[in-house]
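There are 2 protein chains.
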Amino acid sequence: MSSAQPSGNDAGHGDGDLASRLAQTAGEIEALLDALLGDAAQDGEIARPARLLAAMRHGSLGGGKRLRPFLTVETARLFGVAPAQALRAGAAVELVHCYSLVHDDLPAMDDDDTRRGRPTVHKAYDEGTAILAGDTLLTFAFEVLADPATHSSGDVRAALVLLLARASGLGGMAGGQMLDLAAEGRFGAGAAEKLSEVEIRRLQAMKTGALLAASVEIGAVLGGASAGQRTALAAYGRALGAAFQVADDILDVEASPEQLGKATAKDQDKGKATLVSALGLDAAKRERDRLSAEAVAALAGFGAEADVLRAAARFAAERTN
Amino acid sequence: MSSAQPSGNDAGHGDGDLASRLAQTAGEIEALLDALLGDAAQDGEIARPARLLAAMRHGSLGGGKRLRPFLTVETARLFGVAPAQALRAGAAVELVHCYSLVHDDLPAMDDDDTRRGRPTVHKAYDEGTAILAGDTLLTFAFEVLADPATHSSGDVRAALVLLLARASGLGGMAGGQMLDLAAEGRFGAGAAEKLSEVEIRRLQAMKTGALLAASVEIGAVLGGASAGQRTALAAYGRALGAAFQVADDILDVEASPEQLGKATAKDQDKGKATLVSALGLDAAKRERDRLSAEAVAALAGFGAEADVLRAAARFAAERTN
Chain Z
21 MSSAQPSGND AGHGDGDLAS RLAQTAGEIE ALLDALLGDA AQDGEIARPA
71 RLLAAMRHGS LGGGKRLRPF LTVETARLFG VAPAQALRAG AAVELVHCYS
121 LVHDDLPAMD DDDTRRGRPT VHKAYDEGTA ILAGDTLLTF AFEVLADPAT
171 HSSGDVRAAL VLLLARASGL GGMAGGQMLD LAAEGRFGAG AAEKLSEVEI
221 RRLQAMKTGA LLAASVEIGA VLGGASAGQR TALAAYGRAL GAAFQVADDI
271 LDVEASPEQL GKATAKDQDK GKATLVSALG LDAAKRERDR LSAEAVAALA
321 GFGAEADVLR AAARFAAERT N
Chain W
21 MSSAQPSGND AGHGDGDLAS RLAQTAGEIE ALLDALLGDA AQDGEIARPA
71 RLLAAMRHGS LGGGKRLRPF LTVETARLFG VAPAQALRAG AAVELVHCYS
121 LVHDDLPAMD DDDTRRGRPT VHKAYDEGTA ILAGDTLLTF AFEVLADPAT
171 HSSGDVRAAL VLLLARASGL GGMAGGQMLD LAAEGRFGAG AAEKLSEVEI
221 RRLQAMKTGA LLAASVEIGA VLGGASAGQR TALAAYGRAL GAAFQVADDI
271 LDVEASPEQL GKATAKDQDK GKATLVSALG LDAAKRERDR LSAEAVAALA
321 GFGAEADVLR AAARFAAERT N
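Line order of the protein sequences matches chains Z and W. Using this note's numbering, the letters of the first sequence correspond one by one to residues 21 to 341. Using this note's numbering, the letters of the second sequence correspond one by one to residues 21 to 341.
Honestly, the hints are just simulated from the structure, not real lab data. Among the hints, a few may not be true.
[As the list claims (entries may be wrong)] Derived pair list, reagent style SDA-like, types lysine to any residue, alpha-carbon separation capped at 20 Å: (1) W/143 to Z/129; (2) W/143 to Z/206; (3) W/292 to W/222; (4) W/292 to Z/129; (5) Z/143 to W/207; (6) Z/143 to W/85; (7) Z/143 to W/147; (8) W/85 to W/339; (9) Z/143 to W/129; (10) W/143 to Z/207; (11) Z/292 to Z/215; (12) W/143 to Z/143; (13) W/143 to Z/147; (14) Z/214 to W/70; (15) Z/214 to W/71.
Isolated chain Z (complex conformation) (with noise of 0.2 Å):
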């Protein structure tokens, strides 16, 4: 992904290579990150730390599939909406999945110190900087959203904030992240909980779910799509980001540390509540692809330009890193 080289405003159009679309977008976002917190450093008379700087470089460039930015994308390539628009938007919503990593790295949290194979930004860096620089990559995700360049119209850009909030917030990712700390053990008598299946699945809709649903959405709020498109994306990023966390946890009993570049087992080492753990490895198997087949029935109502948001759907379940 990290050889994918930025290409301007040329989209990819009529291209139904998945792979071939992630790369571009994930080349793209790479670029207008590096060029938004770049030109951060022109911004005049107030200096800017460095050292901070540099932190929310570490957290947010170099790597990562850039998912929910590719989702945000392509749905809003169905309404032909500007890439350079998009792209703005889905470099937001980047922004707000970077300084969630970077703070749930974090030694009060889940205490990682690699990422992608590098060390996480408060090993690189250390805890009061990793601190900041999540705080100020979530800042700068709404600075991002709420900026003319991204939509001309300020309903729209004001939509588009306060559905990044919601999701990023109490009843959403920060939620879902409280829930799983407290699943741990963290609070009262120190052992893991057994959380029901129906538990498990509301936590990893708000933690996980939720970002990705509003990856689509957000898609959708720049294209002007109608109610009812509006309903279907959501449906669709909904089952995808359900599909994407049972992945997630299959892939943590089954792929080896240097496929992800980070490390495995770490939910069961945890007692972790996940569906593998609930329903049994096969089962759970069985529920990612029943969810990306959900995802995929939810765009039935769109024709073959919604293919690649299809593939992407399967792609959620199948990934093997």
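Could you slot chain W onto chain Z? The hints should help.
Just chain W now, kept in the frame of chain Z:
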């Protein structure tokens, strides 16, 4: 302050008494934050994690002068903005202020055990919960601003988001905190760095001044201020912010822990760079008073309706806690 009763939409028009206006806005902000953080509990199918909500409430309710929302409300009043809208915008600014306190108090940052005479969030809960509580308070600030209840115009709402994000991020509050940690000698040789007066002023303009100035500017944008009015009010906000910070540094030397509800002489103990250490106590007091007068002078284009803002600039310099 905590005994002040919220009084709905009646924001005390025509009352020039700063203390009663401050108390009234503080009560209204407390009630609004309580309602906003309570409302989220009604969001329907997605459960909100009770521990995280409790930590958010611990970090945002129950005190503080609420100076920032006061500035937003009083500036908005100059332009006849509906109090309910001004209070929502002020609550968003206060949420950012509260998030910054929760994170700054963490062991990896300033390592404070008490705040306003109560345990800090990581002491009352734990570090992971405190990190997430700060994250969600920050995220919620943008949700509140982007909500149509804050203003009917999407352009205005997006402008408010942009303003608050810029004041809070890399070039503003969080960047200032990074410079502050660096000046304490956290990174590198370990010895506190001797900052020049110019560097101290820049650090403080970012760490404290940017959000105080934004509090004022947000009121101006809500009210549809002209470019000239907005420039004057921004200058007022910056000077008030600088006066406020010098006053804070002076209080750290002169006040008792009981007065402040937190430890004092911490700056000196840490060898922290302040204008008191750079200029000496007497010169710092003269500078505080000069900045306060500069803030008042910036309001020359406004009439008696800005008297409360003028009084606030004097209060920022003369406060005893």
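Okay, the hints, checked on the actual structure:
For the suggested pair residue 143 of chain W and residue 129 of chain Z, the alpha carbons sit about 16 Å apart, so the restraint of at most 20 Å is met. This hinted pair checks out: residue 143 of chain W and residue 206 of chain Z have alpha carbons roughly 15 Å apart, not beyond 20 Å. This hinted pair checks out: residue 292 of chain W and residue 222 of chain W have alpha carbons roughly 15 Å apart, not beyond 20 Å. The suggested pairing of residue 292 of chain W with residue 129 of chain Z is violated, with an alpha-carbon distance near 30 Å, which exceeds 20 Å.
Annotation: proposed proximity of residue 143 of chain Z to residue 207 of chain W holds, straight-line Cα distance about 13 Å (limit 20 Å). For the hint linking residue 143 of chain Z to residue 85 of chain W, the alpha-carbon distance of about 37 Å lies beyond 20 Å, and the restraint is violated. Our distance criterion of 20 Å between C-alpha atoms is met by residue 143 of chain Z and residue 147 of chain W, whose separation comes to about 18 Å. For the given pair, residue 85 of chain W sits about 11 Å from residue 339 of chain W by alpha-carbon distance, which is consistent with the 20 Å threshold.
For the hint linking residue 143 of chain Z to residue 129 of chain W, the alpha-carbon distance of about 16 Å falls within 20 Å, and the restraint holds. Annotation: proposed proximity of residue 143 of chain W to residue 207 of chain Z holds, straight-line Cα distance about 13 Å (limit 20 Å). Between residue 292 of chain Z and residue 215 of chain Z, the direct Cα distance comes to roughly 9 Å. Compliance with the 20 Å bound is thereby established for this hinted pair. Under the criterion of a C-alpha separation no larger than 20 Å, the hint pairing residue 143 of chain W with residue 143 of chain Z is inconsistent with the structure, at around 24 Å.
Pair hint residue 143 of chain W plus residue 147 of chain Z holds up; C-alpha atoms about 18 Å apart against a cutoff of 20 Å. With a CA separation close to 18 Å, the supplied pair residue 214 of chain Z and residue 70 of chain W stays within the 20 Å bound. About 18 Å separates the Cα atoms of residue 214 of chain Z and residue 71 of chain W, which keeps this hinted pair within 20 Å; it holds.
Of the numbered hints stated above, those contradicted by the structure are hints 4, 6 and 12, listed in ascending order.
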